[in-house]
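Colleague: Take any residue in the sequence shown, note its place counting from 1, add 60, and you have its number in our numbering.
Misleading hints may appear alongside valid ones.
[Said to hold, decoys possible] Distance windows between CB atoms, simulated: (1) Ser104 x Ser69: 16 to 24 Å; (2) Tyr117 x Lys72: 30 to 38 Å; (3) Arg76 x Ser116: 46 to 54 Å; (4) Lys72 x Thr103: 18 to 26 Å.
Please keep in mind that the hints were generated in silico from the structure rather than gathered at the bench. Backbone N, C-alpha and C define an ideal beta-carbon position, used for all residues, glycine too.
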Amino acid sequence: MSSSSFNKSCLKDCLRLGLEMNRKDDESDIAKASVDCVVKDVTSIVSRIGQAQQVSYTG
């Protein structure tokens with residue numbers, strides 16, 4: 061499952077289910093997809109913010 065096909069309206073439930081299933085030895089696929097979706101969304105937002113610019117005043 062890719063993050064582009066992930067239904068974000070069920071993200072909270074998927075994260076909860078993934079964490080419950082992750083108490084086992086193997087990480088569940090739904091947890092991996094949920095985390096991947098969140099990380100890609102945060103990365104996208106951060107990349108759109110841009111870098112801070114330093115302004116110097118020479119007055």
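Colleague: Hint compliance check: list the failing hint numbers for this structure, sorted ascending.
Modeller: Hint 2 alone not satisfied by this model.
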